[in-house]
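**Student:** Start from chain A and add chains B and C according to the hints.
Chains as they are written, first to last, in our numbering: chain A, 1 to 192; chain B, 1 to 116; chain C, 1 to 676.
Hints were generated in silico from the structure; no laboratory data involved.
Only pairs whose alpha carbons sit at most 25 Å apart, straight line, appear in this in silico DSS-like list of lysine-lysine: (1) K8(A) <-> K228(C); (2) K154(A) <-> K85(A); (3) K218(C) <-> K12(A).
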Amino acid sequence: MKEELQQKNNDKTFFGFWVYLMTDLLMFAALFATYAVLRNNTFGAPSGKELFSLPYVLIETLILLTSSFTVGIGTIYARAKDVVKTSIFFGATFILGVVFLWMEVAEFAHLFAEGNTPQRSAFLSSYFTLVGTHGLHITSGLLWMVLIFIFILKRGMSDSSIRKLTLLGIFWHFLDIVWIFIFTIVYLLGAI
Amino acid sequence: MNENKKIKISTYVLGFLMSVILTLLAYFLAVTKTSFDSFILIVIFMVLALIQLIVQLVFFLHMANESRPRWNLLFFMTTLGGILILIVGSIWIMYHLNYNMTPQQINNYVESQDGF
Amino acid sequence: MENFIFGKLTWEALPHLWFTIAGTVSMTIMGIGAVAALTYYKKWKWLWKEWLTSCDPKKIGIMYIIFASLMLFRGALDAFMIWAQQSISVGASHGYLSADHFQQIFTAHGDIMVFFVTMGFLFGLINFIVPLQIGARDLAFPFLNTLGFWLYVAGAILINMFFVVGGDFAAAGWLSIAPLSELQFNPGIGVDYWIWSLQISGLGTLLGGINFVVTILKLRAPGMSLMKMPLFVWTSLCSMVLVITIFPILTVTIALLNLDRLFGMHFFTSGFGGNPMMYTNLIWTWGHPEVYVLILPAFGVYSEIVSNFSHKRLFSYTSNVMAAIAITLMSLLVWLHHFFTMGAGADVNSFFGIMTMFIAVPTGVQIFNWATTMFRGKITFDSPLYWFLGFVSTFTFGGMAGVLLSVPPADFQLHNSLFLVAHFHTMIIGGALFGIFAGLTYWFPKVTGFKLDEKLGKYSFWLWLIGFFVSFTPLYILGFMGATRRLDHYSASTGWQPLFITAFIGICIIGVGTAVQVYQIIVSIKNRKKNHDTTGDPWNGRTLEWATASPPPFYNFAVIPNVKDSDAFWDMKKSLAKDASMSDMDMITNPEKVSQLLAEKRKNQKYEEITLPKNTPMGIYLSLFVFVVGFAMVWHIFWLAVICLVGAIACFIIRAFDDETEYELSAEEVKKLEEK
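Extracted from the complex, chain A is given alone in its bound form (with noise of 0.2 Å):
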C-alpha cells in the first residue's frame, strides 16, 4: 500500500515535472521566435557574424554537453544509492556548470566593453534575452543542485532526494537541448 502511493506520488511528479518543462520550451520557442523575427534589424550596430567567435561557443557546447553526460551518469548512481559515486559526476557536472556559465558571462562582459549592450539595437536585444534567458536556466540548475546536496548531507540518501536528483537530471538534460537550438539558430546560421 505505502510502496504503491509513492509510485503513484512519483508516478505524477515526473509527469508533473514534464509538462513544466513543455512549458518552459514554449516560453524559449517564443523568444527563439522574436530572435528569429529581430535578427536583421542590426540598425547600424555589427551583426552576429560580426560578433560571434564560433571556436569560443563551441567549446561552451562542448562542456555543456558533457555536463549533460555526467548528470546523466549520475543520476543512475543515485539510484543505487551510491554516494560516493552520486556526488563525483554531480559535483562534476556542477563545476562544468560554473565553467559554462563563466565563459557565458565572459563573453557578455566582452560585448559589453566593446559597447554592444542590448540597448543597441534590436538584434542585440534579442540576442541577449535568448541566450540570458538559457543561463538564468543553468543558474538556477547549479543552485538547485547545491541545495540538494546539502538536503542530502542532512536526511541521506531517502527516496526523496533520488526524486530530486532524477528531476534535475532532466531539467539539465533538457537545458542542453535547448542550447543545441541556440548553438544551431543563433550561432551556426548567425555565421552564414
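**Tutor:** Below, chains B and C without anything else, positioned relative to chain A:
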C-alpha cells in the same frame, strides 16, 4: 524518465558520442568555406540539430522506453507542434508584414529581382 | 538617496484625483469594516485555519468564485461608466470623464473582466467540480493550487493598487499594444502595474494549468478511461492544455515589453530596429487561444446541464469530445484574424481567414449535439437550463457575426468598430458568462447544501438576456454606421446618440439582473431549510459529483467509486434500480426511491485510510513576497525587490524540501465522520 527500467551507462556513452560527432560535424561545416548555397546550409544545420534532439531524447531522456499510455511523448509532440506554429507562423507573418510595410525592403526586392 | 529608497514613489504620486481618492476612501472603509467584523466575531483564527491556508480544492474554488464576484462588480462599474460617458458626451457636451480617464476605464474594464473575472470563475468551478467528477480526493499538487490562487489574488490587488498608493491605470487598451505602451508614449507607471499584475497572475494560471492537466490524466477513479470522463472534465482538460501552451508566450511577450521599458531595450520600440508589429503578433498568439480557454469549460457546463435536465445520455459523446479537441488544436491557428488590417498580404490573410471559418464547424457540431440531446428528452425546465437556452440564442447570433468578421475584406470595414465589440461581448457574455452562471446555479446545492431560489433565478435570467440584447444590438448597428471603439466623444451630426442611450439602458437592465442575483442568494440563504438537499443529488444527476453528500466531506469520497460508464453515477443508480425492478421512467419520476436504495447500500461500505494534504500558509507568504516584488519593480524600488525576491525563493525552497506535507485519516475516523 521511466525509473522502473534498468538504464545502462553504455546508453549514455553512446548518446554522448553521437552528440559530440553531430556537433563537430555542424561546426566544421560552418567554419570551412563550403560551396553550398546558404539555404542548403541552413537546412543541413537544422537537420543536424533535429537529429541531435532525437538522439538526446532517446539516449538521455529515454523517451523510447516509456510505458503506455505515452503521455510524455504525446505532450512533447504537441509542444513541438505548438513551437512550429509559433515560430514558422511568426516568421511567415512578419516577413509578409515587412515586405508590405517598409520601403527599404521593397527597394531591396526591386533591386535583387530587377524590378517587380 | 531618496530616489534609492522610494524609487519613483513620491508625494506627488499619491492619490489626488477624485476617483483615486474615492477609491482609497471606499477601500479603506471596506478594509476597516472587514477587520472589525472579523475581530468582533472572533473569526480570525477560523478564517486563517479553515480557509486561507487550506489546500482543499473545494475551498480554494469557493474563494476563487467569491473573489471573482467582487471583481465582476468592479468591472461592471467600469462598463457602466463607459456607457454613461458615451451616452452624454456628444457635440458641445464632453461628458463627465476626461479623455485620459476614459482610456484608463476601458483598459481596466477589459483586463479585469478577462483576467480576474472570467478566469477566476472558471478556475473556481474547475477547482470545485473536476476532482469530484473524476472521483479524486485532491489535486495532483495541492500546494501549487493554493499558490496559484494566491498569485491570482496578488495580481488582482496589484492592478488595483493605484487606487491606494497612486499612479494611474494603464491607458493603452487591455493588451497594451506596442509602441503605445512603450516608455516614449506612456511614461507613467500604469503600464508597469499592468505588466507586473499580469505577469504574477499569469504565473498563477500557468501553475493551475499544469496542476489540472496532471490531475485529470493521473488521478481518475479506477475504471474511468479517457472516453468515460464527463464532458466538463474533457473541456476543462482541453482548456488547461491550451493554458499551458499559450501562457508561456504571454509571459515572454510581457517580459520583453518590460525589458524595453526598464532597460531601454528595443524589441517593440519604433526605433533602433525594434518591431512593434511583433508585439501584436506575439500577444495575439496568446490572445486568441485565450478566448477558447474561457469558452471551452463553459461548453462543458452546458453539456452536463443539457444531458441532466433532458434526463438523457448526451447525444454522440464521441463527436462532442472530438469537437472540443478540434477547437483546442485549431484555436492555435487563427490568431492573425485580429490584425488582418496590418497588411500581411493576400496569402497570409486568406489562410487565417479560412482557418477562422473552419473553427466554426466543431462549435456547430456541439450545438447540434446539444439540440439533439434535448430532442425527445424528458426535459425539466429548471433555471440552469434557462441559461443554456439563452446561451444558444446569443452564441449562435454572435458566432455568425464572427464568421462575417473572418472574411478579410469585410474585416477591413469592421475592424476596430463597435461591431467587433458587440461580437466579442456576445461570445464572452453569452458564451462564457452565461455558462458560469449556469454552472453556479447547477452546482450551488453541491457547494452549499441547498438550492438557489428558482423563481428569482429565472427573473434574473430574463433581465440579463433582455438587458444583453438591448445593450449590444445597438452596438452592431453603430458598428455598421462607422462608430469605432474607445470613443469618449463624438459629433452630434453622426446621429449615434439614441443608440448609445439605448445601450446604456441595456446595462441598467443588466444591473437590475445582477441585483436580483444578489437578492436571490440572500433569499436562498434565508430559506435554506426549505431548499435543503439531503441526498446529495438534488437534480437527479448523472455524474460522480452527485454521488457524495452536499456539501461534500473534505475528503470528497469515503470510498473511491468504481466507474463503468461515462454517466457513472446514473449507471450506479440504474443497477440498483434494476435490482428493485424499477424502469428508467421510474428513476426519473421517483428519484427519492433511488436515493433510499443508495443510502441503504452505503451502510455496508468498507472504509480505508485516506491520505490528505496538510494546510500550508506558504502559498500566502510566497505570493506576498511576489506581490511586493511586483510593487517594488513598478516604482523602481530595487532594493526592496531584491530582498523580496530572495524571500520568495527562500519560501519556495523551504516548501520544496519539506517532506511532511501529508497526513492520514484512519479507517475508523472516516467511519465516524460518515456516520455523523
